[in-house]
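Below are the chains, spelled out letter by letter.
There are 2 protein chains.
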Amino acid sequence: MLRGCAARLRLRALGPGPAGPGTVWRSFSSEKDIHKDYAVPNPTWSEDLRLLYEQFMKKCEDGSWERLPSYRQHPAGGCSDFQARHLDPSATKELKSRARLFTRSFEDGLGFEYVMFCNDAEKRVVCILQGGPHLQGMPGLFHGGAILTIIDATAGMCAKRIGKVVLTANLNVNFKRPIPLCSVVVLNAQLEKAEGRKFFVSCTVHSGDGRTLHTEATSLFIKPVHNEHKTASGDFHNTL
Amino acid sequence: MLRGCAARLRLRALGPGPAGPGTVWRSFSSEKDIHKDYAVPNPTWSEDLRLLYEQFMKKCEDGSWERLPSYRQHPAGGCSDFQARHLDPSATKELKSRARLFTRSFEDGLGFEYVMFCNDAEKRVVCILQGGPHLQGMPGLFHGGAILTIIDATAGMCAKRIGKVVLTANLNVNFKRPIPLCSVVVLNAQLEKAEGRKFFVSCTVHSGDGRTLHTEATSLFIKPVHNEHKTASGDFHNTL
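Which chain is which? The protein sequence lines are A and B, in order.
The first sequence lines up with residues 25 to 264 when you count with the working numbering.
The second sequence lines up with residues 25 to 264 when you count with the working numbering.
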């Protein structure tokens, strides 16, 4: 299935691009882009986001907290085994040049502007987020999917700090109050329990000033077993 | 809060843009863009997506099914009351020029390529989706947040067919099998129960050939009561 996907991407690279016949898709991922850490301030950040960033950077000074760098593509490592099994080398190269991490696929300021910080002793990950105008749902508000996405990413990072490679198995989210578009929010993910390959993580979304609880979630992440990589369908959860 | 958001957007329009100092943000939303219906084939669609589209267009011929048009911004209508209460006219204009519906915020082929069809007699909405390379999570796979986003959009549309204006209150999702990046999937949303302002909707995500169940979800959507629009915090769920 992934080979088919890569083949489609290869065909598209030679065929008409989004701008119409005769054009080719531009490659969005130069070497510079791949190695750029996006979890640092840029000119589109609001004062609220900068203040929160500075507060957490101060907490990092004694080593209890750590800022987590963030890239548009997963660096090679824990997942290269998956790629080696499912994709031929040329397909992997094609995918690498086109694919972007969903949460880093927007230009600066338009989508998810965020940084995560972890405290491994407390098994916590905090994410500070400013949601840009391309994350709109109902006019003037964040799209529910954008909130779900950053919850999945933050809770998933909390599970990854122990499980290394994990996949979402369940997410249960209660939306309490809508989030105004372009505002700043703080996500708090806490590992509640680890049982073998299962990691239970809770997560809340508060306004930047901490006064409003917007959303709360519980989640379950699973570390795939090695042999599951061998299945053709990419079925990681068949032993769940 | 929304006035503050609009003010920030206004400042940014005059200040440095993503390309650095001295540039301004380009406006992505011309009148042509706003009125363009994106729920139709474009050159980036795969054969699988085209075939499914044609199958559902055939079902529309006897009037039992209907293709739902889709825009980058909500057309004026059910939500204009919200805007009138929370934003001054110039701010509304600013927001309108920058904001994009999250699921339509990507260039053709890179993000969510989808069309929804509804069958009001059966209280069902079907969404056919091809996920582009900018929706990546683990290498070669859809990001969990991208799946959650299209589930929220499809189940929400199912509730909207009766409730008109609704907001997500709860979403509970079980991820069964990961979805290969760039593949085609079919979402089936079914209204299970309507109780006053509450709409309970189930949703499944299958592979394009119907053989693999990737994800299943239950959800609750709420129709806000008129007076809730008056609260400064945008709290729609305070009577839930």
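Treat the hints with care, as some may be off.
The list treats identical chains as one, so a pair stands whether inside a single copy or across any two.
With a Cα cut of at most 27 Å, we get these calculated BS3-like pairs of lysine-lysine [said to hold, decoys possible]:
{"hint": "1", "residue 1": "K247", "residue 2": "K200"}
{"hint": "2", "residue 1": "K200", "residue 2": "K188"}
{"hint": "3", "residue 1": "K217", "residue 2": "K200"}
{"hint": "4", "residue 1": "K217", "residue 2": "K247"}
{"hint": "5", "residue 1": "K60", "residue 2": "K217"}
{"hint": "6", "residue 1": "K82", "residue 2": "K200"}
{"hint": "7", "residue 1": "K222", "residue 2": "K60"}
{"hint": "8", "residue 1": "K247", "residue 2": "K222"}
{"hint": "9", "residue 1": "K83", "residue 2": "K60"}
{"hint": "10", "residue 1": "K60", "residue 2": "K200"}
{"hint": "11", "residue 1": "K83", "residue 2": "K200"}
{"hint": "12", "residue 1": "K222", "residue 2": "K83"}
{"hint": "13", "residue 1": "K147", "residue 2": "K217"}
{"hint": "14", "residue 1": "K82", "residue 2": "K247"}
{"hint": "15", "residue 1": "K60", "residue 2": "K188"}
Since the hints were derived computationally from the structure, they do not count as laboratory data.
Computed from a predicted model, the values in this text were never measured in an experiment.
Quick rundown of the hints versus the structure:
1. Proximity of K247 to K200 under the C-alpha cut-off of 27 Å is restricted to the inter-copy arrangement: shortest distance 14 Å between copies versus 30 Å within a copy.
2. Taking CA atoms no more than 27 Å apart as the test, K200 paired with K188 passes between copies only; the shortest distance there is 20 Å, against 31 Å inside one copy.
3. Proximity of K217 and K200 under a CA criterion of 27 Å is satisfied in both settings, with 25 Å inside one chain copy and 21 Å between copies.
4. Within a single copy, K217 and K247 get their C-alpha atoms as close as 14 Å, which meets the 27 Å cut-off; across copies the closest is 35 Å, which misses it.
5. For the homomeric pair K60 and K217, neither the shortest alpha-carbon distance inside one copy (34 Å) nor that between copies (48 Å) is at most 27 Å.
6. Taking the shortest Cα distances, K82 and K200 never come within 27 Å of each other, neither inside one copy (31 Å) nor across copies (41 Å).
7. Taking the shortest alpha-carbon separations for K222 and K60, neither the intra-copy value of 32 Å nor the inter-copy value of 45 Å comes in at or below 27 Å.
8. Within a single copy, K247 and K222 get their C-alpha atoms as close as 7 Å, which meets the 27 Å cut-off; across copies the closest is 36 Å, which misses it.
9. In this assembly of identical chains, the alpha carbons of K83 and K60 lie at most 27 Å apart only when taken from the same copy (24 Å versus 48 Å across copies).
10. Proximity of K60 to K200 under the C-alpha cut-off of 27 Å is found in neither arrangement, the shortest distances being 35 Å within a copy and 33 Å between copies.
11. In this homomeric assembly, K83 and K200 never come within 27 Å of each other (Cα to Cα): the closest approach is 29 Å inside a single copy and 38 Å across copies.
12. With identical chains, the CA atoms of K222 and K83 are never at most 27 Å apart, being 29 Å at best within one copy and 43 Å at best between copies.
13. In this assembly of identical chains, K147 and K217 lie within 27 Å of each other by CA distance solely inside one copy; the values are 10 Å within and 39 Å between copies.
14. Proximity of K82 and K247 under a CA criterion of 27 Å is satisfied in neither setting, with 33 Å inside one chain copy and 43 Å between copies.
15. Within a single copy, K60 and K188 get their C-alpha atoms as close as 22 Å, which meets the 27 Å cut-off; across copies the closest is 43 Å, which misses it.
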